[in-house]
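Based on the provided sequences and hints, a complete structural model is requested.
Note that the protein sequences, when read in sequence, are chains P and S.
In this text, residue positions in the first sequence follow numbering that gives the first Met the number 0: the first is 0, and each later residue adds one.
In this text, residue positions in the second sequence follow numbering that gives the first Met the number 0: the first is 0, and each later residue adds one.
Any given hint could be a false lead.
Said to hold, decoys possible - To give a feel for the contact side, a few chain S residues facing chain P, derived at Cβ under 8 Å:
#1 Val40
#2 Ile47
#3 Leu49
#4 Leu59
#5 Ile63
#6 Glu72
In short, the hints are calculated from the structure, not lab data.
Yeah, the Cβ is synthetic: ideal placement off N, Cα and C, and Gly gets one too.
Chain by chain, the residues run as shown.
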Amino acid sequence: MLSNNSPFAWWKLLTFILLLYSANMGFIGHVPRLPILNETIRNLYFHVPMWFAMTLFLLLAAVYSIVYLAKGNLKNDRYAIEFTRTGMIFGILGLLTGMIWAKFTWGTFWTKDPKLNAAAIAMLIYTAYMILRDAISDEDKKARITAVYNIFAFPAFMALIYILPRLTNSLHPGNGGNPGFSAYDRDREMNMIFYSSVIGFMLLGAWITSLRIRLRIWADKKDGLHIDSGKNVSKDLLDA
Amino acid sequence: MFQKIYWMLSLLLIASISSFAQQTEQVEMADQFRTDGKIYVVIAVVTIILIGLLIYMISLDKKIGKLEKEYKEEN
Numbered sequence: 000m001l002s003n004n005s006p007f008a009w010w011k012l013l014t015f016i017l018l019l020y021s022a023n024m025g026f027i028g029h030v031p032r033l034p035i036l037n038e039t040i041r042n043l044y045f046h047v048p049m050w051f052a053m054t055l056f057l058l059l060a061a062v063y064s065i066v067y068l069a070k071g072n073l074k075n076d077r078y079a080i081e082f083t084r085t086g087m088i089f090g091i092l093g094l095l096t097g098m099i100w101a102k103f104t105w106g107t108f109w110t111k112d113p114k115l116n117a118a119a120i121a122m123l124i125y126t127a128y129m130i131l132r133d134a135i136s137d138e139d140k141k142a143r144i145t146a147v148y149n150i151f152a153f154p155a156f157m158a159l160i161y162i163l164p165r166l167t168n169s170l171h172p173g174n175g176g177n178p179g180f181s182a183y184d185r186d187r188e189m190n191m192i193f194y195s196s197v198i199g200f201m202l203l204g205a206w207i208t209s210l211r212i213r214l215r216i217w218a219d220k221k222d223g224l225h226i227d228s229g230k231n232v233s234k235d236l237l238d239a
Numbered sequence: 000m001f002q003k004i005y006w007m008l009s010l011l012l013i014a015s016i017s018s019f020a021q022q023t024e025q026v027e028m029a030d031q032f033r034t035d036g037k038i039y040v041v042i043a044v045v046t047i048i049l050i051g052l053l054i055y056m057i058s059l060d061k062k063i064g065k066l067e068k069e070y071k072e073e074n
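In structure tokens form, the structure reads like this:
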């Protein structure tokens, strides 16, 4: 069997099988006929997985920050920052795709909707994390301080994105008494496509992150930093 | 291993071949677009983009693997 660091590892192929499946069936498959949404309901397969993937990566980043504080191994700090970076990319894509969808269903790119504003604030919290990292030059100090920040950032992110918008009125599906898409007739076929897309994008993000981590640890070693790099970064990722 | 992947793939495909029957209601959908067959152009484009990304990811993965190997040999 191929090592997980191999470019042809099974889960890397699975990533693209799932993405190709959801990108094709996402257009061909049957969707319910709903007014206003019309065909844009197909965005469900592409916009929502961005946020699912972002949440997973930020969760993993928080977990690695905890592990770093427990063990003091700089490797875990590298995992945390790279997962946060990937999470941010997915978050930005989620915001942009959401804005386009909003333009053609709600009539405007941005409203003062609690879900939208909360998502924007959550992104700012993680931007602050990046800036904080750049502000401290000592590697160990940087890793420790930002790990603590990251552990606090994750619950704040969860509350902003998933809890607060549910407590008020919101246009966004799944919030403020507004039904999520599962309330419509999301049938078995739609669920298949949706979850293939979610898992596909999560695996793609994990792949990108594993590459960044390997590059980072390689560079750290070259700089003479003490990093216990583990033999197989991707394996660590899969075990997480 | 590959057998497993093919299994999963074929399961996904079989599960998705449910009815394509469309109810004819008043809600507008891209029916005209679909009868024209042009939706398949979009699918082709997206497929090409995804395959291109796959190739790019694999080449990046290979490059980083090579760097790691070189560094290990130096030491």
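Here's how the hints hold up against the structure:
no. : hint  : verdict
1   : Val40 : 10 Å, violated
2   : Ile47 : 11 Å, violated
3   : Leu49 : 5 Å, holds
4   : Leu59 : 6 Å, holds
5   : Ile63 : 5 Å, holds
6   : Glu72 : 13 Å, violated
When held up to the earlier numbered hints, the structure conflicts with 1, 2, 6 and fits the remainder.
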